[in-house]
Amino acid sequence: MTTTTPPPTETTEQQPWTPVPVDSSGISRAWRDAVVVTRRNLRHFMRKPRLLVFSTIQPVMFVLLFAYVFAGTVGQDLPDGLDYLSYLLPGIFVQSTMFRTTQTAVGLAEDLEKGVVDRFRSMPMTRSAVLLGRTLADLVRGMAVIVLMVLVGYLIGFRFTEGPVAAIGSMLVVGLFGFGLSWAFVLVGLKVPGAEAAQSAGFVFVFPLVFVSSVFVPLETLPSGLAAFAAISPITLAADSARALAIGSGPWLPPTLGTLAWTVALLAVFVPLSVRAYTAPPE
Amino acid sequence: MTDLVVEVEQVTRSFGDFEALTGVDLTLRRGNVLGLLGPNGAGKTTLVSILATLLPPTTGSARVLGLDVVADAAAVRRRIGLTGQYAAVDGLLTGRENLQMFGELFHLRPRDAARRADELLERFDLVDAADRRASTYSGGMRRRLDLASSLLVRPELLFLDEPTTGLDPRSRQQIWQAVRELVGQGMTLLLTTQYLEEADQLADRIAVIDRGAIIAEGTGDELKEQVGGQVVEVVLVDDSGQDEARRALSGVGRVEAGTPTPDGRARFVVAPDVDGPGGVALLAAVSTRLDDHDVAVRDVGLRRPTLDDVFLELTGGTPAEVPA
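Heads up: the sequence lines are chains A and B, in that order.
Residues in the first sequence are numbered consecutively from 1, following my numbering.
Residues in the second sequence are numbered consecutively from 1, following my numbering.
One chain only, chain B, in its complex shape (with noise of 0.2 Å):
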């Protein structure tokens, strides 16, 4: 059996003329965890769903656990799992007979499916709340017994389409360990996510996905790699004065508008040019320009990058951030 679970040759996409996918190659091995990282409406979504066989490609050729996930559809179907970025679950009925239901339609004999149905319950705090319907839970419980019905049977490959788009910090911790748990478990999964934080805390390989296309594949060592060592942050006392502090930069190294402080103060991340000053003297340059042109700093300081960085210099705009 092979060893590669995901195969992606230069798969395209294209709804009527708008390019959803321009060419799209990615490997995934066995036991690995996979995160696709990009910003809203770059892809992420339609190239799950045709790995899921829920869209083919309009060119190109995509395998699964050795599959064509075109031609050999239904067999891919019986060895995934898929939780989607909308919970897919049915808000009229209880989340017991939610998970009653899926397991008898992946052909579980009713008596395993209610003993499975009892266990994923446990396991993901629903006890409580199984036999009240499925409308009445909050957006964390729906996640969560969206998960367990993926878990039914066990998925050779789990498909997380953005498992924690729109959760509450303490939703997200909850759907974290137990997805930390599967990969223990060492279930293969692809991830996607908008959250930086998400893909560096639970995959082992981060693909960077915009407009369509992988724009870098690595670890996340290795993704703050490309931005080069160490960068220089600049915070200023508020949100003026940042034409003033771009102008004060220009030719230092390559300046980048990072999110702004919780508190509303502007803030900038200079990144060394190849050939410019790095480390201490970029961190001196960058100090005296800013003092040469009387700008109000709040805060400088030299910082190893992160995948925000790395984020901004590769597709020059802002991800998400993790809601706090």
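Isolated chain A, as found in the complex (with noise of 0.2 Å):
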């Protein structure tokens, strides 16, 4: 990487001082790229107050209303020892994580109709900094909502039990498992016109999903059919793999990588087809 600082040179009044760009190698260049993208859309996020309080809002209700309404019925079925809340709270980070992840779809196909993003792609910036920008942005905010809802899960009583590495673990690997997933709405944002009709479309493939899981309850409590659904599913992979290292409710390693594995393999599917729908010259 060569850094040519050039010398702020004042001259005549004919040619005003202009600064001349930092010559930098291309990965570097689109990571810088990414990071500014993703520090406009935090700013967005920031300065969106309905947003801002719906998305931290919903999750608490989320914990709050699961731990009291279900905390008898499927607390009966827990293995001895586990109450529901520490069951449950791992759980509600895979389930907030899914649901933000249509977010990306959202706030995507909201940039693609501003004129904005018509100027980001007359600019010399790498293109999939756009694309980026966005997952990364929603990853910080994902992780931010986690953590509220820890906050809010030690209030009624929650506790990690694995200690201080294995709680942040549980925690990053649903983070980085949503940032796979965020790509793959990232496509649905570019391919559906419209931010509702984004939105719409997560919904329906999110919601089934999520449900159909070990999210919020143990999959021996589904019916065999759906049981059988969702133990192949990379939802009931990820709550595991919270939830044991969260409170140790099981092995941890192989959901784990379970999870990591389907992570790596969204990435690799969606970041080429997304960036590929992004920089294709329309039509």
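Where hints are given, some of them may not hold.
[As the list claims (entries may be wrong)] Pulled a few chain B residues facing chain A out of the computed Cβ check, cut under 7 Å: (1) A88; (2) D90; (3) L92; (4) M101; (5) E104; (6) L105; (7) F106; (8) H107; (9) L108; (10) D112.
[To be verified] Computed footprint of chain B on chain A; a stretch qualifies when at least three of its residues, placed anywhere within it, have a C-beta under 8 Å from a C-beta of chain B: (11) 25-33; (12) 40-53; (13) 120-131.
To be clear, the hints were calculated from the coordinates, so they are not data collected in a lab.
Here a beta-carbon is modelled for each residue, glycine too, at the ideal position from N, C-alpha and C.
Could you use the hints to bring the two separately framed chains together as a complex?
Structure representation (structure tokens):
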């Protein structure tokens, strides 16, 4: 990487000072462009009060509703020594992350409706930075929501039991899985015109996946057909991984490796498809 | 380095069955200002999008700064600036944050981007609004911010796509002033506009585009010459009697309905036929005919053709008026 430092020279009135772009290699430039776009998206998030409030209230509400409504019925089916709140909270990490990934499609679809992306396209920036900036911002936001849910969980009696490293691991594995999945929704946002349509498309897909999994209830309580589907669902893997790392509900390594493998697979499929869909010239 | 900054050869562009450009040839020299003048839907924005690498041409070749807009798109983007028809700034960011962001995406160091943002805010009279969100800006302020965003790194060629459409007169003057300063610094500009006055004021050369093709090109004066010397303008007392006036004037010259006067009186422009009477003789013929047919006339006179007349002559349609 060559970083030439141009001397900021004041010249004549006819040719005012103009800064010279830093010359750098492709990868570092792509990363910096993505960081700039990420910062923009996080600012957007902070400046849309309704979005900020509802996207944080909703997961907290889910924690409280499920913890108190289902504690009685579902709690009886849990293995001995496991209370429902402990079982539920890592699952809610996954649920909120899944729902949040649909917002990736919405945010991107909204961007594409605005002129600012046209300006991005006419600029020398790395084109895929618009997509990476979107998914990175959504990852940051998703992690913030998980931390908030942990705080609320602690207020009502939840405790991590496997040590701080495992606790952080349980949050990270869900965040990374969400990052992988959000690239699928990048493709949805690019292909489905309009923000609202993108959101509907997302929910049709995400709702059944989340409910037919070990997110809210143990698989044994599901009807056998659904349980068979849930057993092979990556959502179950993610929930089991987060739960094992958070409260030691079972072996942590197999579901964690499984979740990371899914994450890699999602990225391998959807990053190239999305980048191609975005950078290909229209028609 | 070639002196031709824009070279367009036989470019067409279709959207499905619709042919937005039907075969455009165009050149622009370094340091010149080309006005691309045409009504809504003529293909101006499509042509600019192709030159700014946002759209590939369907057929034909377009080169910008000697580089092919398809094969060398990335290199083209490093050297051009584009200010679009709809101000492409981020409404949720402040003016300063917009400039900082675009500056960093032009790969300026953050410190340089900040300094440049300050300068541009100053130059475009946005200092007081610098830390307000762009969504609170007036139309004129947004356009100025948009223009400033194109100048973070000095482009070798700047596209201004209808820079003043929909602006009030004062904002339009401010944009014109900024554009004149850029021209004074030797910037090469391609400007699209629906407004004849704008093209006349800002551009060295004007290309008239209609239904996807360039139908005339030249300096403002050359285009006015195409109408052929002087024209006779007739203003009726009101907006009735137009059919009567047309009947009266048939055969005298080429009669086109002009834009009505601000107070609602009908207006006609009579251009001389190639082999017919011109000048005072044409004026006399028009006056006689109108008098014979008892058309109630408010005003009749001889004048030099304006670009409006050129536009009428070339397209048979009425161009947009610069809003008063």
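Consistency of the hints with the structure:
For the restraint placing A88(B) at the interface with chain A, the shortest Cβ-Cβ distance is roughly 3 Å, inside the 7 Å limit, so the hint holds. For D90(B), the interface hint holds, since its Cβ comes within 7 Å of a Cβ in chain A; the closest pair sits about 5 Å apart. Annotation: L92(B) was flagged as interfacial toward chain A, and the flag holds, the nearest CB pair being 5 Å apart, inside 7 Å. A distance limit of 7 Å between C-beta atoms decides the matter here; for M101(B) the minimum to chain A is near 6 Å, and the interface restraint holds.
Because the closest C-beta pair between E104(B) and chain A is about 5 Å apart, less than 7 Å, the hint holds. Taking 7 Å as the C-beta contact cut-off toward chain A, the hint placing L105(B) at the interface holds, the least distance being around 4 Å. At its closest, the beta carbon of F106(B) sits 6 Å from a beta carbon of chain A; the interface hint therefore holds under the 7 Å criterion. Annotation: interface hint on H107(B) holds; nearest CB of chain A at approximately 4 Å, less than 7 Å.
With 7 Å as the threshold, the beta carbon of L108(B) comes within range of chain A, its nearest partner Cβ sitting at about 5 Å, so the hint holds. The interface hint given for D112(B) is met, as the beta carbon of that residue sits about 4 Å from the closest beta carbon of chain A, less than 7 Å. With 3 residues having a Cβ less than 8 Å from any Cβ of chain B, the stretch 25-33 of chain A passes the three-residue criterion, so the hint holds. Residue count for the stretch 40-53 of chain A with a Cβ under 8 Å from a Cβ of chain B: 5. That meets the three needed, and the coverage hint holds.
Under the rule that three or more residues need a Cβ within less than 8 Å of chain B, the assignment of the stretch 120-131 of chain A holds, with 7 such residues.
Checked against the numbered hints above, the structure violates none of them.
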